[in-house]
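Asks: Residue strings, one per chain:
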Amino acid sequence: MEDIEDFRRRAQAWIRENLVLETGEPTGPRGAEARQRDRDLQRMIFDAGFAGLAIPTEYGGAGLSLEHQRVWAAEAEGYATPKGYMVSIGMMLPTLLDHGNETLKRRHIPRMLRGDEIWIQLLSEPSGGSDMAGALTKAVRRSDSYLINGSKMWSSGADTADYGMCLARIDWDAPKHRGLGMFAIPLRAKGVTIEPIIPVTGGPAHFFIEYFDDVEIPRENLIGGEGDGWTVAQRLLFHERNATAGVGYGYGLGGGSSEGSTSWRKDIVRLAKASEVAGDPATAQLIAEDYVNMVVARQLGERINTGMRMGLLQGHWGSLLKLGMGIDTPFNAEVALAVCGADGVVWTDGEAPGDVGLNWLSCRGISIAGGSNEIQRNIVSERLLGLPREPGDDKSLPFSELLKRRR
Amino acid sequence: MEDIEDFRRRAQAWIRENLVLETGEPTGPRGAEARQRDRDLQRMIFDAGFAGLAIPTEYGGAGLSLEHQRVWAAEAEGYATPKGYMVSIGMMLPTLLDHGNETLKRRHIPRMLRGDEIWIQLLSEPSGGSDMAGALTKAVRRSDSYLINGSKMWSSGADTADYGMCLARIDWDAPKHRGLGMFAIPLRAKGVTIEPIIPVTGGPAHFFIEYFDDVEIPRENLIGGEGDGWTVAQRLLFHERNATAGVGYGYGLGGGSSEGSTSWRKDIVRLAKASEVAGDPATAQLIAEDYVNMVVARQLGERINTGMRMGLLQGHWGSLLKLGMGIDTPFNAEVALAVCGADGVVWTDGEAPGDVGLNWLSCRGISIAGGSNEIQRNIVSERLLGLPREPGDDKSLPFSELLKRRR
Amino acid sequence: MRLDLTEEQLLLRDTARRFMEAESPLPRVRDQFDSVEGFSRAWWSKVSEMGFTSLMAPESLGGTTLSGNPARDAAIVAEEFGRAVAPGPFLPTAVVLQAIGSDDETGSHRALVPELISGQLMVAWAFGEPGSCWRPESFRASVRVSGDEIILNGTKAYVEAGAEADLTLVTARSERGLTQVFVPADAPGLSVTPGRSLDFVRRFATLRFEDVRLPLSSLVGEPDQAEKAVTRQLQLALLLQCAETNGSVERAFEMTIGYMGERYAFGRPIASYQALKHRVADMALWIHSAMATTDSGLQAFDARAQNAFELATIAKTYVATKSTQIVSDLAQLTGGIAMTWDYDLHMFQRRVAVNRAVLGTPEHHRLEIYRSLCA
Amino acid sequence: MRLDLTEEQLLLRDTARRFMEAESPLPRVRDQFDSVEGFSRAWWSKVSEMGFTSLMAPESLGGTTLSGNPARDAAIVAEEFGRAVAPGPFLPTAVVLQAIGSDDETGSHRALVPELISGQLMVAWAFGEPGSCWRPESFRASVRVSGDEIILNGTKAYVEAGAEADLTLVTARSERGLTQVFVPADAPGLSVTPGRSLDFVRRFATLRFEDVRLPLSSLVGEPDQAEKAVTRQLQLALLLQCAETNGSVERAFEMTIGYMGERYAFGRPIASYQALKHRVADMALWIHSAMATTDSGLQAFDARAQNAFELATIAKTYVATKSTQIVSDLAQLTGGIAMTWDYDLHMFQRRVAVNRAVLGTPEHHRLEIYRSLCA
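Residue numbers (our numbering), protein chains in the order written: chain A, 1 to 407; chain B, 408 to 814; chain C, 815 to 1189; chain D, 1190 to 1564.
Hints in this document: simulated from the structure, not taken from any laboratory.
Positions of the beta carbon are idealized from the N, C-alpha and C atoms, including for glycine.
All the pointers check out, no bait thrown in.
Residues of chain C clear of chain B, computed beta-carbon distances all greater than 10 angstroms:
#1 D918
#2 P928
#3 T969
#4 S988
#5 P1029
In silico BS3-like pairs for lysine-lysine, Cα to Cα no more than 27 angstroms straight-line:
#6 B:K545 <-> B:K802
#7 A:K404 <-> A:K138
#8 A:K395 <-> B:K802
#9 A:K138 <-> A:K190
#10 A:K404 <-> B:K802
#11 A:K395 <-> B:K811
#12 B:K811 <-> B:K545
#13 B:K545 <-> B:K597
#14 A:K138 <-> A:K395
Here are the simulated distance ranges between beta carbons:
#15 C:N1121 <-> B:M408: 32 to 38 angstroms
#16 A:L21 <-> B:D762: 55 to 61 angstroms
#17 C:W1155 <-> B:Q641: 44 to 50 angstroms
#18 B:M408 <-> C:F847: 55 to 61 angstroms
#19 A:P196 <-> D:L1200: 56 to 62 angstroms
#20 B:L473 <-> A:T348: 54 to 60 angstroms
#21 C:N1121 <-> D:P1214: 54 to 60 angstroms
#22 B:D762 <-> C:N1121: 27 to 33 angstroms
Bound conformation, chain A alone (with noise of 0.2 angstroms):
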């Protein structure tokens, strides 16, 4: 494998030659043309041979490791690099790795590098979001193919996706767990219908909701074996978590304590000193604890990072990483509120509404979304503290017992 200091130096040089300084674009949902953009600069990424650094070649990707790729996202920081990939790249990608067959993963493991295919995750469902084990979406084994029924919701990116991983039930005897299969589904296909999902800040959608309708998908889209849904589905929250986090796969591909949050706090102490009420003493303390938990959460990020590359720490540690950012995303926009006053959630007429009142009001995203504070909190002190689980029998019951104590 390619020593690490060589592939700094080669990754520097094709940086500085091909790659442009960010400009510090705004964060949020992005339009076709920033799309267009980055499937420009992911093909070319690509063609170089710097993505997928630690996929195996066989798929396309460079045959090196997660080494790499920390080299690779520390000698591009500061350089306009893909963003929209984390689900795909980070997240989806590593996945179909693990699960999928020869031919799903030849196939399109790939185009997902090339940026020409992206994945979404469809997991969660209008009736349970946290408990996605309780999937009601149906597929249906038909000769050579499975018929797929039901609706999926919370899926980021779905717009523009081109295939989605869909937990969906096969087997309603079987217990909870058990009667899942996980689907490579396109989301062109007939029978999907796609609808947006209007955020509490009333702005343009980040989310949608999915309905499919007799929806034929090949036998091959099958992900892992008929009951093993929910082995697959954990890899790919394990996933999500540590792209979220920004450790594991997902490294350097935009997600952990991201640019945008850095100059959002900023911000609080430039509004601080604009207005009146940084004059005032009441807030100071607030401002320098966001602060500090700011630091101290990209710091304990460098400590994971570490532990997992240097194999200290296996398993569920992005679950702390995750609940972090869930803790200190509500927290500093409740700061905000206090440092910018009424100035924070009231404004002139024509100008842009107040971010400071809206950002607290979407402020639980992150919370709650990709396995909330709650979610995180069982994975840590179950798994990562090995404290005992709650007795409960909806493990072990066939589901179809466990939907009729639902009214």
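Here the structure of chain A is known, so what remains is to put chains B, C and D in place on it, guided by the hints.
Replies: Here is chains B, C and D on its own, set in the frame of chain A:
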């Protein structure tokens, strides 16, 4: 019944004539002298007909109402009144009134009211603090007596008390909550050993542990029926929460947001002013928040008192107040740590040790004793708000089966 | 919610609640998100017809005396405005009625009371200044008497319904103290910049006064002598705002508790999970405490108790702090659906966040409380 | 705890842990509660024999270089002192070694190093002043050079082992800056008032200097030029204190988790209750964060990074805030037994509370951080 304003005038006159103004005695465990003073005072109040205002006359009370008790407390504010009867008269007496047999009631309630006999509770055990229904203390019925074996813990005032209400298991094959009886145990009886529990501060003992070794008590000392122990205990806990929170029969007997805590809060302001830390605005928000919490807690107490007096609130509202105390007290102790800085935890040899640090060490007393914050949160969510209980079988299985689950 | 309501007060509460349910259900509030004013004159007439605007006016001028404690009566209605997140300048109307019906001993504007009560005349109360400034000592808007004219200069911000009002009661500094004047919407030199807020239907304006000349009859009370009246008005405004917030929080809480009972996860209703139940229990404590402190503040206000101002700022501090925390965590308890436009929870969150900041953040009030504790 | 420890560092940690378990088990710490000094010279000799005191000394003077990052190495030992709530002036010794071995470019006190390392010479580091004053700009203790003498006046407070030390490094203001001097225990004009703390075995003294006259050779570094050295010493002190706190918290946490697994309530171990588990999960987050920020601060210190001072104060702020909250809630999770003298949890709570306050509360440091953010 005597008109409330007539009573007020009568009480006022007697108080002015007979009581002296409070001198601001320190809180904490009190010596023999203070106890004797209490006993003399209580006797005087009893003899004047002002003890047990809401207790029926046949048991030595005044046969008036809780409203009269409230008026008495209001009029007696600022005067030195007995401080050592909150448990005996505020909690144990009403429990005996609710569930005791006539023999017990007629014999003991007048003595309790006169201060001649002090009762305490014997519920918790070394093996389980909050889970009182899991009592392992045994009561074996003989022809006309019971034989008690086991131990109880966390009983306050056991060193100076005369009787304890002791929860003990009679039937080991009944479900946990149904095999219990409540017994009046004379604490000077043969076979009773009482040992102090040194508190975390290293100071004098507030709490005790009692060992019962073949203690024989007459059958009439059973309070309620043989399977009613838990019912009686719940009633006792109800009266305890109320008394601690300063509502119900305990009103005016020294619970609630006592002067002790008020003057403590004032100390924070004084300390802040005196130290250079207060010159800093660093702790201004904390001090104000603590002060606001203190005022609001008192306002909530008034509200709930009003509601209970008017019959608009029924049931477990004392838990809300107890929970508030259990949250505010540790916060107050932490604020004091912040305000006093190093002077709160470091002191000169020979000087009195820093109150601030010791107070912080023991601040969880109020949030653990008398039903921990967690127990109060269970009660508030389940009994006040009607949220569903967690699933569990510890209410239905024979207790002997449950015991086997512990290693 | 007060606990010891009289029969009449209970009737008022039920009437107000039914009125809001019938006339201002949440979908109708949503409909007005895009409107400029957030409410219509027709709506305000309906509110007025119900007698809600008359609670702070003396009986002799057509007001309604319910319990003899006007602020407590008005707070009952404010709470229902909060439960419904309903639009309309209830708070400024009540405060201005307090100003001209009770505080102003000269009584020179009492003739306005019937028009105000009937909803024909719409008023605003201009107090705060740009930069979230709520301390009268720091106000920059100034007024001076020059012959038989009053000249007003400066800027007032965060003025509720300031762009819709016919008449605005303005507090400004004068040579030897504070002075209050009425400024009509068409006064030359007054420029009004309409504004919006996070709330669906509550609009705030910025008012700029450039040598606005007014007749002496515009004075409310004596010049330089308004401090006491302004303090009373601020107390009332804070307490009605607290009552409104309490209403919003209470309804959001009920809505969430209901949802938690119906929503299943991992085989049982999420309301049965201990970690969530314990947070809900804390919220119950805070909600009842918020109601208690608001009620105590109102009682002290009606009784003109010596510590009335302190109690009003304590109520604001407590209510604003806890309400924001509660409604934010209610979204967390609810989960994803609370992050969507179509779910109503954010309507309450928006009202709560605006009320948190307007008339001073809890951080601001804590600093004031600290200063007075150390004084 | 650092994650990426070298083989040598791992060995150091294990050695230190075993040493503490054998030589300073909790009952032995309890035994010293009533002693005046909190520890014996014999104990300090044992610690020194283990080489723990030599980690901050240059190799050329008999010090031990383990990883080339002396602060990180010393922090490993500090953490074990925290886990054992062991006595002894580890922090002042390390800081003074840093001062004379590294900061002082004149090198005039290097001869003390062997005595210090061997434990024969016991030192203190006098920094803070009465009234919890930790800002050198506000120090009142003053020193001036007069001919061939130095004259020292003022008071230093919260001096760890200040009554036991043979020699104390004192920071004082001088005409054009800060100056550091060594003061021997028997210097005329020095009066030492011994003191205690909430901790079982950590003693602090107040030192008063009244025209204490010292030879010029007592100077550590150049007069007026000590600011940079003092800043480095403060950083090291803050970071070793954080490491120690982390050790205490970690052990208290382990102890509580263990207890929660064994303690049954309502038919199951209390460790299985969701409301408790969720709080434990938050604690795990904070504990790992505390270790991460301490580690980052140490790394920056050893590398003399430009933001090293900021990172040290961030670590102190975070560690002191969370540690206090954690150990207080650990008592809550444990229940009644944690309120008793005989249960060990409060030994850790005491060390944590003392470390929270000494060298500045988190509130103090937040204010400093805020000021520098706004600068």
